[in-house]
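So the protein lines, in turn, are chains Z and B.
The numbering used here puts the first residue of the first sequence at 1, with every later residue one more than the last.
The numbering used here puts the first residue of the second sequence at 1001, with every later residue one more than the last.
These aren't lab readings, by the way, just hints derived from the structure by calculation.
All C-beta atoms in this analysis are idealised placements derived from N, C-alpha and C, irrespective of residue type, glycine included.
Heads up, some of the hints might be wrong.
Just the calculated beta-carbon pair ranges, DEER-fashion [to be verified]: (1) Z:M621 / B:T1173: 55 to 61 Å; (2) Z:V609 / B:K1086: 31 to 37 Å; (3) Z:E663 / B:N1110: 25 to 31 Å; (4) Z:Q287 / B:G1217: 40 to 46 Å; (5) Z:A607 / B:N1110: 41 to 47 Å; (6) B:G1259 / Z:L572: 39 to 45 Å; (7) Z:P54 / B:G1217: 45 to 51 Å; (8) Z:R490 / B:K1175: 47 to 53 Å; (9) Z:I597 / B:S1055: 57 to 63 Å.
If you only want the chain B side, here are some residues facing chain Z, beta carbon under 10 Å, derived [claimed, not checked]: (10) T1035; (11) G1073; (12) A1156; (13) Y1185; (14) S1187; (15) E1190; (16) V1200; (17) M1208; (18) V1228; (19) R1229; (20) L1233; (21) V1236; (22) D1287.
Below are the SDA-like pairs computed for lysine to any residue, each with C-alpha atoms no more than 20 Å apart in a straight line [as the list claims (entries may be wrong)]: (23) B:K1145 / B:L1242; (24) B:K1322 / Z:R253; (25) B:K1186 / Z:N132; (26) B:K1215 / Z:P354; (27) B:K1175 / B:K1132; (28) B:K1108 / Z:L339; (29) B:K1215 / Z:L339; (30) B:K1186 / Z:R253; (31) B:K1132 / Z:R135; (32) B:K1186 / Z:R190; (33) B:K1215 / Z:D620; (34) B:K1086 / Z:L343; (35) B:K1086 / Z:Q669; (36) B:K1261 / B:M1144; (37) B:K1322 / Z:G181; (38) B:K1086 / Z:R245; (39) B:K1215 / Z:L138; (40) B:K1108 / Z:I553.
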Amino acid sequence: MLELLLNGFADVLAPGNLIYLVCGVAAGIMLGSIPGLTATMGIAMVIPLTLTLPPIPSLMMLMGAYKGGIFGGSISAILLCAPGTSAAAATVADGHALAKAGKAIKALKISLTASVIGDTFSDIILILLAVNLARVALQFGPGEFTAVAVMALTIVGPASGKSLLKGLITAILGLLIALIGLDPGTSLPRLTFDLNELVDGISLIPMLIGLLTIPEIMAQYEQRVRQVTAHIPPPTCKDDTRITRRDWKMMVRPMVSGSLMGTCIGIVPGLGPTLGAFMGYDAAWRQSKHREQFGKGSVEGIAGAESGNNAVSGANLVPLLGLGVPGDVEAAILVGAFLIHDLTPGPLIFQEAPQVVYGVYAGLLMANMLLYCIARGLLPMFTRAASLRVTVIFPLMLVLCAVGSYAFNQSLFDVGVAFTFGLIGYALNKLNYPRATFLIGFILGPLLEDNFRRAMVISEGHYGFLFESPLSIGLWIFTVLSVGTILYSRFRQRERQAESEAEACEVEHLEPVRPERLGGHVLVPQAALQMGGSLTILAVLGWCYFYLFPTWIETPGGFGVSAVLFPNTLLLLGSVLCVLLAVNQWRQRGSMGYAQIKLNSAKRVLAYVGGMGLYLLALDMLGFMISSVAGILGFCYLLGERNPKLIVPLAVVAPVAIKVLFEYGLEVQLPPMPWLDD
Amino acid sequence: MRSFRLATIMALAAVLMLSLSSGAALAEYPDKPITFIVNYGAGGTTDLTSRLLCSVAEKPLGQPISVVNKAGGGGTVGPTYLATRKPNGYTIGVTSFSPMGVAPHLMKVNYKIKDFAFIAGVCRYLYGIAVKADSPYKTFGDLMKAIEGGKRITMATPSPVQYIIFPRLAAATGKKMDNVIWVRYKSGKETTVALLGGHVDLIVGNPMDIAPQVKTGQMRMLASASPVRWPLLPDVPTLRELGYKTDIDSWLGFAAPAGIKEARRAKLQAAFKAAVADKVIQKKMVDLGMAPMFMTGPEYEKFCLKGYKDMGRDLKALGLSKKKKK
């Protein structure tokens, strides 16, 4: 085997082949770093270029694009708070927090190192164990997948932050939103309001962009920038731009556990890198001695999430090469690439074309090294771009958010989805609800419901089926342990907090003081605000139960257990949690203090929301160019950037550059001007 | 302020120039690039096949065809968009059987078959019935015997289109087949995993999901559920050859919006006819799991209308069609 692998390296290192690998990796990083363009699209776009190439260089180019794409997503996650790909969603909070503290380069380097190590680890596992592991992966049936989904849902615990109740509630909201689309039992549309765009469900990318990025931009508009500051502040000392020995010590354990988690998830078909990232993040949290830093710039969190998502990419080839079954969408497109070259992925390929397999292996390992070198070279460029002034970068980011949401399905509906979730995310943020748990619920919802429904159809409705195999029993035990550790650590945390509060109270009596009334402010008791939030959610759940669901979800005869069981369980659970939360808030109403709402901020936010609506309308009626030029001018004006010498060239150059990149470089058409549409 | 206004005007002028530059003079059709709408995402079978054919068809037309993906709505968003374009022959696209004949029964769609002027049917999608290699059912006859004997059989498919073959078999043979239980999966590849893992008894799927597994000895295909044998597995008989008078037939077809001049439609039809006849392209289409064949536009329209009716009848009988408006 070693000899074959060495031959593989000889193949890969031939200059004619190496150049394709380099191109693939570089293209992948670039595409991945643009929000809305995913590794999948990168691969799909590279495929036509590879049609005429021999198998080894073309597969290498594709693998390079795949790996580069998954890392590239974290660049914009860290610098712009906008995940370039969904796999980078777990990196956003910590990575962007570090960048905001002037440690952008450090965060990028940590993310790159963790990515490359996670990737290499899973590639080695692939090379050593491909065929054997593939057999294990097949053991996962509907019963086992149900257990996996429930186990994975326990990540909600660590991802919830301060309030477990709020985390659980947003997770349930995510699960409910994931119900939109085709009924998993009958494939008839449900909750789609007769809109064709909703038949395939809400698209993940626009939702991610909306939920994570737009609230960030809105928060900036809220406080008009008095001083013109850089979006990403410059590093304050040398340690901000490198990984120090202390960082290294903190990174090792999360990287090991993240790589293991990601590899395990990659081996099982259908789970994907986004889940790998969250599981890696979760594993890092469980081992950490500095849990309070998670979400605020934790080195461990980035290392865990980034090694987790990249480790999926190598392991995904285990089912592909071992069985001929792709592990996720990206791998599915790779199958097409194999077939075009007359190669059949699966166990026989090891006999039919060993030189290709080992060429691919060598290519994977090489791609990791190249990823490291190329990305290191590109980082300063990306960082410089992100260090532009806020007043310049935020209008651009909004245009990029719109284009990114539009690109995947080339649909303005998706831009609307992104803006809507932007408002939802803003509200959640204001009321201190975690947004990450919402995403976790949304991602895991289909996995849980589909497999639960399948299990019920296969077993004729016997719940015992879920606990039948040793594998699923093991998974359930793991789930129980996981819930146990979360509750225990919450309990300990509360105890410790109580102790420190008791100490604090001795020093000074903590009674919230009503701040003085100032002009232009409205004072609202926090308790009223918070209870308003939880009761609104309760009302929405009730509305779903009494009016929405009965007309849209029903049980056609003969297709297994009741289709309403899962949705109604969610509603019931969510309502109980909301009531608990509201009661809690009522009890603590005295100690919550007051929220100051500045009227000027409120006005600016409203103007911004109106601006987003106008921009969306203009995209439809005037096409991309005119509306984006006007949009950038308008949003710059709102932010107080009124120097025409700066903003006019910006408003022209940026849209033209985006248009050229998307339409000529990527063959993604942006909204045209309707009157030119022949 | 003045310089601001001036700069704005100049900016707008530049933008207009850029967007108008694609205008062109009158000449023989086609005198500018043609836009081709694919109703599924990039990289799938339909997308790759359409791109292959477009890359050849643009030669006789003398103008490039640029492919745009408008995915979503289970393949209905593309045709919805296409139906609202101007019928001048510069926007054409995929109108495969699924959005024409199946989707309108499952969901509300904003187009009818009459809204399109069909260019051609360019190839057949293929379906087959497969079991795991170590399954006790060696032939399709074995399977039917077990079903008639009342054995509970679980079957995985991604949509009702493939599932419908068993109710059709039941109708053709006059026997009850309620013991064949449909387990829905999201995609063909998921059904493959489920079958290989032994979680279901059989699948009805496409060549991409079945042929590689048969070649590696992990699956056995019992019958082609299409009207023809699979070019990739030519030894497996069709249901009709086995004596069952039923099948699932589905085509990849292209269309322009209704109202296009007949001369233009005919020109496009001729271009795609030549593309399908290309031997190199045929080989690639077979590798992608399609059966290269040709139908003229009017023939394809007739096929869609008939298929729409049959599908509607069968789905309704199963309780799988959308509800009537209350």
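Quick rundown of the hints versus the structure:
no.	hint	result
1	Z:M621 / B:T1173: 55 to 61 Å	holds, 57 Å
2	Z:V609 / B:K1086: 31 to 37 Å	holds, 35 Å
3	Z:E663 / B:N1110: 25 to 31 Å	holds, 27 Å
4	Z:Q287 / B:G1217: 40 to 46 Å	holds, 44 Å
5	Z:A607 / B:N1110: 41 to 47 Å	violated, 35 Å
6	B:G1259 / Z:L572: 39 to 45 Å	violated, 53 Å
7	Z:P54 / B:G1217: 45 to 51 Å	violated, 27 Å
8	Z:R490 / B:K1175: 47 to 53 Å	violated, 59 Å
9	Z:I597 / B:S1055: 57 to 63 Å	holds, 59 Å
10	T1035	holds, 8 Å
11	G1073	holds, 4 Å
12	A1156	holds, 8 Å
13	Y1185	holds, 7 Å
14	S1187	holds, 8 Å
15	E1190	holds, 6 Å
16	V1200	holds, 7 Å
17	M1208	holds, 7 Å
18	V1228	violated, 20 Å
19	R1229	violated, 19 Å
20	L1233	violated, 13 Å
21	V1236	violated, 17 Å
22	D1287	holds, 5 Å
23	B:K1145 / B:L1242	holds, 14 Å
24	B:K1322 / Z:R253	violated, 53 Å
25	B:K1186 / Z:N132	violated, 26 Å
26	B:K1215 / Z:P354	holds, 17 Å
27	B:K1175 / B:K1132	violated, 25 Å
28	B:K1108 / Z:L339	violated, 36 Å
29	B:K1215 / Z:L339	holds, 13 Å
30	B:K1186 / Z:R253	violated, 36 Å
31	B:K1132 / Z:R135	holds, 14 Å
32	B:K1186 / Z:R190	holds, 15 Å
33	B:K1215 / Z:D620	violated, 49 Å
34	B:K1086 / Z:L343	violated, 43 Å
35	B:K1086 / Z:Q669	holds, 18 Å
36	B:K1261 / B:M1144	violated, 51 Å
37	B:K1322 / Z:G181	holds, 14 Å
38	B:K1086 / Z:R245	violated, 65 Å
39	B:K1215 / Z:L138	holds, 19 Å
40	B:K1108 / Z:I553	holds, 16 Å
The structure fails to meet hints 5, 6, 7, 8, 18, 19, 20, 21, 24, 25, 27, 28, 30, 33, 34, 36, 38 from the earlier list, while all remaining hints are met.
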